[in-house]
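So the chains spell out like this:
Protein chains: 2
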Amino acid sequence: MKYCSSCGGEVSLRVPADDDRERHVCDRCNTVHYRNPRIVVGCLPVHGDLVLLCRRAIQPRRDYWTLPAGFMEIGETTLEGARRETWEEARARVEDESLYTIFDLPHISQVYMFYRARLAAPEFAAGPESLDVALFTEDAIPWRELAFPVVDLTLRRFFEDRRSGVFPTHCQTLRPADWSRTP
Amino acid sequence: MKYCSSCGGEVSLRVPADDDRERHVCDRCNTVHYRNPRIVVGCLPVHGDLVLLCRRAIQPRRDYWTLPAGFMEIGETTLEGARRETWEEARARVEDESLYTIFDLPHISQVYMFYRARLAAPEFAAGPESLDVALFTEDAIPWRELAFPVVDLTLRRFFEDRRSGVFPTHCQTLRPADWSRTP
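If you read the protein sequences in the order shown, they are chains A and B.
Mapping the first sequence onto the working numbering, position 168 (from 1) lands on 168, and the numbers just tick up by one.
Mapping the second sequence onto the working numbering, position 162 (from 1) lands on 162, and the numbers just tick up by one.
Since the hints were derived computationally from the structure, they do not count as laboratory data.
Any given hint could turn out to be false.
Because identical chains cannot be distinguished in the list, a pair is counted as satisfied if it fits within a single copy or across any two copies.
Result set (SDA-like, lysine to any residue): computed pairs, CA atoms no more than 25 angstroms apart in a straight line [what the hints assert, rightly or not]:
{"id": "1", "residue 1": "Lys2", "residue 2": "Asp20"}
{"id": "2", "residue 1": "Lys2", "residue 2": "Glu76"}
{"id": "3", "residue 1": "Lys2", "residue 2": "Gly75"}
{"id": "4", "residue 1": "Lys2", "residue 2": "Pro16"}
{"id": "5", "residue 1": "Lys2", "residue 2": "Tyr64"}
{"id": "6", "residue 1": "Lys2", "residue 2": "Leu50"}
{"id": "7", "residue 1": "Lys2", "residue 2": "His107"}
{"id": "8", "residue 1": "Lys2", "residue 2": "Val133"}
{"id": "9", "residue 1": "Lys2", "residue 2": "Pro168"}
Let the sequences and hints guide you as you build the complete structure.
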């Protein structure tokens with residue numbers, strides 16, 4: 001950030017009065033421009049004993065498999081965002097959703113939130129950001145071709161919880177050092 | 001947003017290629033400026049059968065009682081943010097935290113996340129944004145003087161769950177129409 005989005009003046013990094021950390025502050029109109037972490041919302045769509053995955057058509061991790069997810073938009077709820085992304089990437093409708101996994105990724109200032117949901121019907125197709133969309137049994141999950149650790153961990157939690165039939169909300173912090181330890 | 005924070009050029013609202021909604025796009029350098037919902041993190045600090053509340057020293061809702069909470073910062077986890085806010089507003093340290101309530105407030109594009117936590121010691125004091133900090137039994141909660149519906153609902157959930165001793169993560173959407181129905 002070099003310029004003020006309100007007045008076009010130059011901004012500099014300084015600590016505003018009544019604050020304790022550096023912010024981008026406009027040298028001309030004194031507007032303080034805050035930066036905030038972003039929320040990524042998605043779904044774990046389930047159909048019987050199958051789960052739905054999308055093969056990414058875009059970078060990063062093109063060709064790898066993921067759960068439908070993306071940045072939450074202004075004016076929507078986390079669930080509305082998760083449903084929207086599921087439609088955009090997998091052309092699938094979900095129902096009976098419950099918040100399932102939450103991941104803090106502080107090194108990139110993102111918070112992931114996945115809803116576990118039932119596929120409303122076994123109908124899906126690749127949206128513009130997907131090369132392929134398919135249903136997988138646990139044994140068929142392409143573990144070595146998953147796009148992101150949050151996808152791997154959400155799937156592992158799910159298959160583990162499914163044995164007991166209890167699906168609590170899981171909350172976890174992932175840092176780059178943890179990624180290499182992901183099986 | 002009137003000016004591009006990258007180059008200082010004028011921005012206009014238009015739908016970028018490969019997108020489906022209007023964004024602020026720079027007319028000069030074509031940078032797309034996304035706006036995203038913000039996360040508010042906080043704690044429900046518990047000490048024995050008491051809970052800790054802060055009386056707000058700032059607007060909005062000055063003089064009303066709240067749980068310590070505030071905007072999540074870049075580079076921190078939701079829990080680190082909740083701990084930081086608890087220190088800043090109540091000069092209290094917490095431990096044994098677990099994610100407890102999540103509220104979607106789509107009309108203001110905010111997501112609230114409260115951690116239920118144990119006060120590490122019965123030590124607290126008003127930080128710069130608080131007029132007072134105090135511990136309350138359930139019977140003494142100033143229900144009519146609570147600052148926000150998310151505070152009211154988190155406390156109600158807590159006292160309700162405490163009867164069974166089970167504290168699942170609760171997820172709820174609050175819209176302005178719901179506020180007037182809050183008891």
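Verification of the supplied hints:
1. Lys2 - Asp20: within (21 angstroms within a copy, 28 angstroms between copies)
2. Lys2 - Glu76: between (30 angstroms within a copy, 24 angstroms between copies)
3. Lys2 - Gly75: between (27 angstroms within a copy, 20 angstroms between copies)
4. Lys2 - Pro16: both (17 angstroms within a copy, 22 angstroms between copies)
5. Lys2 - Tyr64: neither (36 angstroms within a copy, 38 angstroms between copies)
6. Lys2 - Leu50: neither (49 angstroms within a copy, 48 angstroms between copies)
7. Lys2 - His107: within (22 angstroms within a copy, 30 angstroms between copies)
8. Lys2 - Val133: Close neither inside one copy (41 angstroms) nor across copies (40 angstroms); limit 25 angstroms.
9. Lys2 - Pro168: Result: close neither inside a copy nor across copies, 44 angstroms intra and 44 angstroms inter.
Hint compliance for this structure: hints 5, 6, 8 and 9 are broken, all remaining hints hold.
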